[in-house]
Structure formats: C-alpha cells, structure tokens
Amino acid sequence: MTRAVPATPAPLAAYLRRATWGLPPERQQELWDELEDHVLTRADGLCLSGLSPEAALSQALRELGPPTRVSAGMTQVYLMPKLILTASAAALALSAALYALAGGAEGGVTTLPVLTQRPAKPTCVRGTVPQNVTVVSQQGGVTCFTYNDPRVYRGVYLRLSTLRDALRTHGIEAAVQPGANLVFRLPEAGRVVVSGFTGSDGQGYVSAAGLVAAASGAPLTLSGFAAPVVTLAGVPLRFGDGQTASVGEDFYGELSQALVERVVPLWDDPASLSVTTLAEGGFTHRVGTGLPPGEVVLLVTRRTFGNDFVTSAAEVGADGTATLRSSQQRLRFVFSSGQLSAPSPDGSASALLVRVTGVPLQNLPTVVTLPTPRTSEGR
Amino acid sequence: MNPDLLRGNLDLILLSILEARPLYGFAIIQEARERTGGYFDFKEGSLYPALHRLEADGLLAAQLGELGRNGKPRKYYALTDQGRAALREKREEFRTFTGAVTRLAGGGT
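Going line by line, the protein sequences match chains A and B. The first sequence begins at 83 in my numbering and counts up by one. The second sequence begins at 3 in my numbering and counts up by one.
Everything labelled a hint here was simulated from the structure, so no lab data went into it. Just so it is clear, CB atoms sit at the ideal spot from N, CA and C, and this is done for glycine as well. One should not assume that every hint holds.
[As the list claims (entries may be wrong)] Just the calculated beta-carbon pair ranges, DEER-fashion:
# : chain 1 : residue 1 : chain 2 : residue 2 : range
1 : B       : G101      : A       : N445      : 46 to 52 Å
2 : A       : S131      : B       : R23       : 55 to 61 Å
3 : B       : Q84       : A       : Q325      : 34 to 40 Å
4 : A       : G127      : B       : L14       : 23 to 29 Å
5 : A       : T193      : B       : G60       : 43 to 49 Å
6 : A       : G284      : B       : G101      : 32 to 38 Å
7 : B       : R23       : A       : G284      : 34 to 40 Å
[To be verified] Negatives, chain A to chain B, calculated, CB over 12 Å:
#  : residue
8  : A137
9  : G363
10 : D401
11 : P455
My request is simple: use the sequences and hints to build the entire structure.
This is the structure:
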C-alpha cells in the first residue's frame with residue numbers, strides 16, 4: 083500500500099528554512115525532516131479536534147515556537163564548538179548572518195501593504211466646531227466631523243492583523259489584543275507592546291513609525307526611502323511596495339521624534355522635546371553627503387534654545403547629494419550633537435546631518451556625517 | 003510551571019522519558035505530557051536542539067523507524083550506556099539538591 087505524501091505547505095516550508103538555516107547540509111536535512119513530521123503530525127491531531135487544515139497548521143507552528151530559537155539552539159550544538167561562541171544572543175546573530183549569506187532576500191523580506199491616509203474615525207466635539215471640516219453627525223450638542231484637508235490624515239499605517247501575520251511567518255509569537263494593541267516577543271528584546279488605534283472600519287491600525295518607536299529596545303536597522311525596510315531583530319519588514327507611492331517622507335517624518343531622542347542629549351526636561359518636520363516651505367539645501375545612493379539622512383537643527391528641534395529627511399541621490407529643508411538659510415554643519423546651538427540672529431544655524439539607514443539604530447549618535455562643504459546656503 | 007526549572011532539568015527529563023524505550027520527537031512530548039498530567043508542557047522548539055545535543059554528547063543514539071507523516075523515516079532516540087550512566091548521576095544529583103531545598107524550606111521530615 084502506498085501513501086500519498088503532500089507537498090510541504092508554504093508556511094511550513096518558510097518555517098523550516100528559517101529553523102534550519104546555517105546548519106551543515108546533512109544536519110539541515112535531518113532537522114528539516116524531523117520538524118516537518120512533527121508539525122504535520124500535530125496538525126493532523128488538531129484537524130481531528132475540529133480545526134481547519136490551515137488553522138491547524140498555523141497552531142502547530144505556533145506551538146513549535148519561533149524558528150530562530152530552534153536555529154539558535156542547533157547552532158550551539160553544531161557550530162559553537164568551532165566558533166567558540168558562548169552567548170545565545172551571539173548564536174542568534176550568527177544565525178541571522180548565515181541567513182543573510184544564504185540569500186535572505188529570497189522570500190526573506192515581507193512587504194506589508196500600507197495606508198497613506200489614517201483610517202480615522204470622525205472627531206467629535208461639544209461646542210465650537212472648527213472650520214474646513216465636513217460634519218458627519220450632530221446629536222445632543224455633540225458634533226462629529228472629519229477634516230477636509232487630507233494632509234491632516236497623512237501618514238503610513240499598517241493593519242495590526244497583517245503585521246501580526248507577517249511576524250508569525252517569521253516565527254515571532256504575536257497577538258492582537260483588545261484595545262488595538264499588538265503584543266509580540268522578540269528573541270533578543272523580549273516582549274514588545276505596540277499601541278494602535280481602531281480605524282473607521284473597526285480594524286486595529288498602527289503607524290509604521292509607531293511600530294519602530296515601540297520596538298526601539300530591539301536590534302533595529304532601517305533601509306530604503308520609497309518603501310522603507312525595518313529589520314527588527316533579524317526580521318525584515320518592508321512598508322509598501324514603493325511602486326504606487328513613496329512613503330519615505332511621511333515615514334521618516336513621523337519617526338523624527340524617536341530619532342532625535344536617540345541623537346541629541348535632551349536639555350532640562352526630556353518630556354519637553356518638540357520636533358517639527360519640515361515637509362514644505364523653508365529653505366532648500368543640497369548637500370554632499372559622501373554616502374552611497376539610497377541611504378537616508380536626517381537634518382537636525384535647533385529651533386530655539388531648549389528641546390525644540392526641526393528635522394528634514396531625504397534620500398541620498400546617485401551623485402551622493404541629498405536635498406533637505408530647513409527653516410534656516412545658512413547652515414554650518416557640526417560633528418556632534420553637543421555643538422548644536424540655537425540659531426544666530428543673523429539667520430545661520432548649526433546643523434547635524436545623521437545617517438539613519440544601514441546602521442543599527444542604537445548607533446545613531448555615532449553616525450553623524452559631515453557634508454562637503456561644511457556650510458550650506460539655502461535657496 | 004517555572005520555565006527555568008524545566009530548562010535547568012531538561013536533560014534529566016529527556017533521559018528519564020527515553021529510559022523505558024526509544025521515541026521520536028513528537029512522541030517524547032506526548033509522553034512527557036501524559037506522564038506528568040500536562041505539567042511538562044514545554045515549547046517544542048527547544049526540544050530538538052536538546053535532543054541533538056544529547057546525541058552529539060553520546061548520551062543518545064539515533065535509530066530510523068517507520069515512515070512519518072512526511073514520508074521520511076522517523077528518527078528515534080535511544081539511551082546509550084553512557085546516557086544511562088549520566089541519567090543515574092543526574093537523578094542522584096537532583097535527589098540531593100531537592101532534599102537540601104526541602105530541608106531549607108522547612109518541609110523535611
């Protein structure tokens with residue numbers, strides 16, 4: 083009697099690839115077969131208890147735990163004695179590095195669809211209604227409205243359930259909890275709670291920058307502008323496909339506050355930090371960054387004495403220059419945040435140019451770029 | 003249960019389960035749950051690295067068994083002589099430890 087052996091389902095294959103990355107080939111196949119049999123056997127049992135095949139497979143994978151944990155454990159068994167690595171965190175890093183060497187681009191980056199307008203519920207007020215709004219309802223003295231200016235709702239928004247599913251495909255335990263919170267556990271950073279909001283369609287959402295800020299305790303690297311990629315503890319997530327629209331300006335704009343917090347030592351009361359992103363107006367500065375094309379830089383200037391900053395983010399072009407905006411016409415670039423002073427009465431200001439992509443976010447204060455020349459006259 | 007307790011005693015638990023007969027990964031987990039009334043409900047992902055480590059250390063030996071759900075022979079883990087000796091040592095060590103903790107906690111007789 084022969085038995086039909088179905089092809090490995092895609093989510094299982096993705097899990098097995100991730101769990102066996104970096105192992106010697108003979109061990110890789112051995113572990114692959116063991117885990118595959120384990121998951122399929124468990125899923126069979128769950129199907130008998132009434133779950134659909136898809137739900138059963140999903141639960142069986144969840145029960146197995148993050149594939150990074152398996153690969154880190156196996157790395158310790160087979161590679162650690164040779165490499166004299168001792169910490170499990172190092173094993174995870176090694177696993178991630180081997181993953182990259184093995185061609186992590188192949189299905190490694192998960193592209194998440196984004197909304198570029200906040201799916202906001204109407205705003206409700208009692209009393210005076212602002213101008214330039216569309217009233218949705220009026221009852222008992224309470225007026226609910228939406229703003230007519232679409233810029234009010236601009237941003238980069240992710241659906242929590244999509245984000246949860248993407249994290250799970252990378253073996254990260256994740257769950258959406260009541261109150262539009264996404265909770266997930268990263269192997270190197272522990273529990274992360276992302277506070278989202280309930281959109282007009284009843285679904286939970288979070289801004290892409292909100293996700294990055296919430297996970298800032300984890301090893302985190304940014305790359306790309308039109309469709310930014312956040313690599314979170316080795317898990318690469320791309321925001322948008324970059325084909326229909328570039329979300330870079332909104333993404334880095336929203337992220338500015340979190341970036342400035344990392345770069346600049348806050349004076350007096352940290353809670354007083356105010357960051358304004360200049361998306362239009364002001365002066366345009368084209369500066370030579372000396373960085374490879376495609377990297378992203380953030381211009382930081384101090385608006386006044388204190389914790390009041392203005393930022394502008396831009397992608398480095400093919401010629402190595404980036405075009406940034408500033409409220410100041412004359413900029414004098416400095417090499418440390420401590421040299422960032424309030425603007426002079428003559429309209430010049432010290433400015434900091436920080437590379438924000440291609441480097442671990444934890445290293446931001448050390449990746450200040452000095453443009454050539456070191457001054458810029460805006461237009 | 004406290005996961006640290008499980009991690010700290012994983013080798014003893016696995017060797018104890020395999021003392022009676024060789025088993026494959028999934029069956030080891032079922033056996034652990036059944037014999038402890040669900041008390042040992044560990045994340046399966048940590049099981050396989052532990053089994054491979056014990057095998058690499060010579061405490062377990064692999065044997066191929068019947069075809070699994072994926073059509074490949076299942077890998078059964080069996081205790082080696084070295085594994086049986088290690089199990090005896092770990093049991094004795096555990097008895098000494100728990101006895102000392104019990105006396106400290108005032109539960110000794």
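Going down the list of hints, with the structure as the test:
{"no.": "1", "hint": "B:G101 with A:N445: 46 to 52 Å", "result": "holds, 51 Å"}
{"no.": "2", "hint": "A:S131 with B:R23: 55 to 61 Å", "result": "violated, 27 Å"}
{"no.": "3", "hint": "B:Q84 with A:Q325: 34 to 40 Å", "result": "violated, 60 Å"}
{"no.": "4", "hint": "A:G127 with B:L14: 23 to 29 Å", "result": "holds, 27 Å"}
{"no.": "5", "hint": "A:T193 with B:G60: 43 to 49 Å", "result": "holds, 46 Å"}
{"no.": "6", "hint": "A:G284 with B:G101: 32 to 38 Å", "result": "violated, 58 Å"}
{"no.": "7", "hint": "B:R23 with A:G284: 34 to 40 Å", "result": "violated, 53 Å"}
{"no.": "8", "hint": "A137", "result": "holds, 18 Å"}
{"no.": "9", "hint": "G363", "result": "holds, 53 Å"}
{"no.": "10", "hint": "D401", "result": "holds, 48 Å"}
{"no.": "11", "hint": "P455", "result": "holds, 55 Å"}
Consistency note: the structure conflicts with the earlier hints numbered 2, 3, 6, 7.
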